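A.B. asks: Heads up: the protein sequence lines correspond to chains A and B, in order. The first sequence: position 77 = 77 (the working numbering), numbered continuously. Heads up: take any position in the second sequence, counting from 1, add 102, and you land on the working numbering.
Treat the hints as calculated values from the structure; they're not laboratory data.
The calculated EDC-like cross-link candidates involving lysine to aspartate or glutamate, where the alpha carbons are at most 20 angstroms apart (straight line), are:
#1 B:K468 x A:E95
#2 A:K49 x A:D81
#3 B:K468 x A:D46
#4 A:K13 x B:E352
#5 A:K49 x B:D459
#6 A:K13 x B:E466
#7 B:K468 x A:D83
#8 A:K13 x B:E237
#9 A:K54 x B:E352
#10 B:K468 x A:E97
#11 A:K54 x B:D355
#12 B:K154 x A:D83
#13 A:K49 x B:E466
#14 A:K13 x B:D142
#15 A:K49 x B:E237
#16 A:K56 x B:D367
#17 A:K13 x B:D459
#18 A:K56 x B:D355
#19 A:K56 x B:E352
#20 A:K56 x B:E237
Simulated coverage check for chain A against chain B, where a stretch passes if three residues somewhere in it have a Cβ under 8 angstroms from a Cβ of chain B:
#21 10–16
#22 48–57
#23 60–66
None of these values were measured; they are calculated from a predicted model. Heads up, the beta-carbon is just placed ideally off N, CA and C, and yes, glycines get one too.
Now for the letters of each chain:
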Amino acid sequence: MQLGNLVNGVRSKNAGPFWITIDVFCGTPAVYDQLLPLLSEGFVADIYKQPVAKIKRFELPDLHVLKFSFPRPVVQGSRYDSDMHGAQYSVLLAELEMPDAS
Amino acid sequence: MVTRVLVPSGVLGLGFDRTALAQGIKMKPDIICIDGGSTDSGPFSLGTSTSKYSRAACKAEWRDLMKARAELNVPLIISSCGTCGTDAMVEWMYDITTELADELEQTLSVALLYSEQSAATITAKHTQNQCRALEPEIPLSATEINACEHIVALAGAEQIQLALQSGADIILTGRATDTAAICALPIMRGEHIGAAWHGAKIAECGALCSTNPISGVILLDIDENGFTVMPMATDARCTPHSVSAHMLYENSDPNLLHEPGGILDVTQATYAQLDDRSVRVTGSQWHPAPVYTVKLEAAKRTGFQSTIIAILRDARYVENAREWVQRLSGYLDTEITSSLQLDQSDYSLEFRLIGVDAILGPLENKTSSPSEVGVLGIITASSNELCEEIAKLINPFLLHYPLTDNESLPTFSFPYSPAHSARGALYEFCINHVIELSNPMEVFRLEQRRVSKHAAG
Numbered sequence: 001m002q003l004g005n006l007v008n009g010v011r012s013k014n015a016g017p018f019w020i021t022i023d024v025f026c027g028t029p030a031v032y033d034q035l036l037p038l039l040s041e042g043f044v045a046d047i048y049k050q051p052v053a054k055i056k057r058f059e060l061p062d063l064h065v066l067k068f069s070f071p072r073p074v075v076q077g078s079r080y081d082s083d084m085h086g087a088q089y090s091v092l093l094a095e096l097e098m099p100d101a102s
Numbered sequence: 103m104v105t106r107v108l109v110p111s112g113v114l115g116l117g118f119d120r121t122a123l124a125q126g127i128k129m130k131p132d133i134i135c136i137d138g139g140s141t142d143s144g145p146f147s148l149g150t151s152t153s154k155y156s157r158a159a160c161k162a163e164w165r166d167l168m169k170a171r172a173e174l175n176v177p178l179i180i181s182s183c184g185t186c187g188t189d190a191m192v193e194w195m196y197d198i199t200t201e202l203a204d205e206l207e208q209t210l211s212v213a214l215l216y217s218e219q220s221a222a223t224i225t226a227k228h229t230q231n232q233c234r235a236l237e238p239e240i241p242l243s244a245t246e247i248n249a250c251e252h253i254v255a256l257a258g259a260e261q262i263q264l265a266l267q268s269g270a271d272i273i274l275t276g277r278a279t280d281t282a283a284i285c286a287l288p289i290m291r292g293e294h295i296g297a298a299w300h301g302a303k304i305a306e307c308g309a310l311c312s313t314n315p316i317s318g319v320i321l322l323d324i325d326e327n328g329f330t331v332m333p334m335a336t337d338a339r340c341t342p343h344s345v346s347a348h349m350l351y352e353n354s355d356p357n358l359l360h361e362p363g364g365i366l367d368v369t370q371a372t373y374a375q376l377d378d379r380s381v382r383v384t385g386s387q388w389h390p391a392p393v394y395t396v397k398l399e400a401a402k403r404t405g406f407q408s409t410i411i412a413i414l415r416d417a418r419y420v421e422n423a424r425e426w427v428q429r430l431s432g433y434l435d436t437e438i439t440s441s442l443q444l445d446q447s448d449y450s451l452e453f454r455l456i457g458v459d460a461i462l463g464p465l466e467n468k469t470s471s472p473s474e475v476g477v478l479g480i481i482t483a484s485s486n487e488l489c490e491e492i493a494k495l496i497n498p499f500l501l502h503y504p505l506t507d508n509e510s511l512p513t514f515s516f517p518y519s520p521a522h523s524a525r526g527a528l529y530e531f532c533i534n535h536v537i538e539l540s541n542p543m544e545v546f547r548l549e550q551r552r553v554s555k556h557a558a559g
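With the hints as extra help, turn the sequences into a complete structure.
C.D. replies: Right under this line is the structure:
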């Protein structure tokens, strides 16, 4: 099963021209608790090939949300940008194969 | 006291539900606020000082809002006119306003708040160490500042309050933070300052904080203790989840929002379902900053571009698209540098493989077997003419270049003629700083004009 099937939604978006932010809406406390240890700064840094020190991670237990922000690898709209709104970054987390529950 | 703010949608030009607007008018708001700006579509708008949205769409929506304002006799504000909020875009919005005043036979007092900055102003701030870099730090120098096509500062609540105090019917602002117009009046009237900024953040995208985002219209009641938010479309609901989740949206930090003059802190905020459709929020905090700062946005021109697209359908080429494009790139670099007598640093030629990894590039981790692959060539150079020369030079090779030396020449698909298109100038956001101000109006300018039926001509 992929992470995207487990949660309510994963979205990414620019937070201004210089940042990407990714929200994982876990949906339930159980899924939130399951993802909490998995989605560490280091894990997310590896997926997005970013230095771990650049990843800001926020735990929002009331919303069952995990949020990650990091400086855009290329500035929005500059020559080598290929995703103006940063909205497709989310798929890499959404398509993450989850370890079997059994 | 309660200050009631009607927010028709997240941005002028995107549309809103007219029935929901009518419902909002019935609620007798104290002010109508709509945003006109964003950096979300990229640096082109600021680089060229143009609106991203259609003028006709903006005018049609502004007509409804001007009629609503006249009916209610309350102020109407649009912040960040024309997407980028340059001086020319404030005038653009002013022209629309005068045309409509004429058509609707309205006599108005209009305040225009200008946010655009000269290179000299910003250079002086830089020299005086009143320019503070934000993370990630973009190097700033006098040369960089002078290279900017346009620089704007984001106004906060104070500058808009000054415009409100002038008694204007309509306020057109240059670039401002998304929240500033919405919270200006409530703060001025002594409502809870944390609630005003927080409510403004929740409402700034219109009904995006509700279960029916496209309906647009949101009503915000801000008082001395907190705020209540409710959607105006009858099929929309605000829930503690839809409202609190909106703090995450386009924010790198879900708890703190840096604004001119301070920081909104929602760590202690609580969200309660008030009735079926409204949410009550309390506990939002405002931490005043010791020094008043405003953020800058700027765009510089970094070259010109042409694009060219070829589509591969031949299965062998589809399968080996990456290898083919690498071989082609090497060949083309030699051709371009020798035929056009260019150095490799004079241009860049990038091929993106649509169907393979055109979006995620080196981050892509999925391999699949598409039936076809689009090869998007992006040429960047110092002029349109040079881009076109390079496009014309590479055209036949993009059409016919073989995967190996010993095979007959293939022919791929060009989807139209000519295969290349000039994209014009390329811009880049180039300043990520705040400037310190001695008073909020230091770098902003306020002007008032009287508009009546015959003034438009």
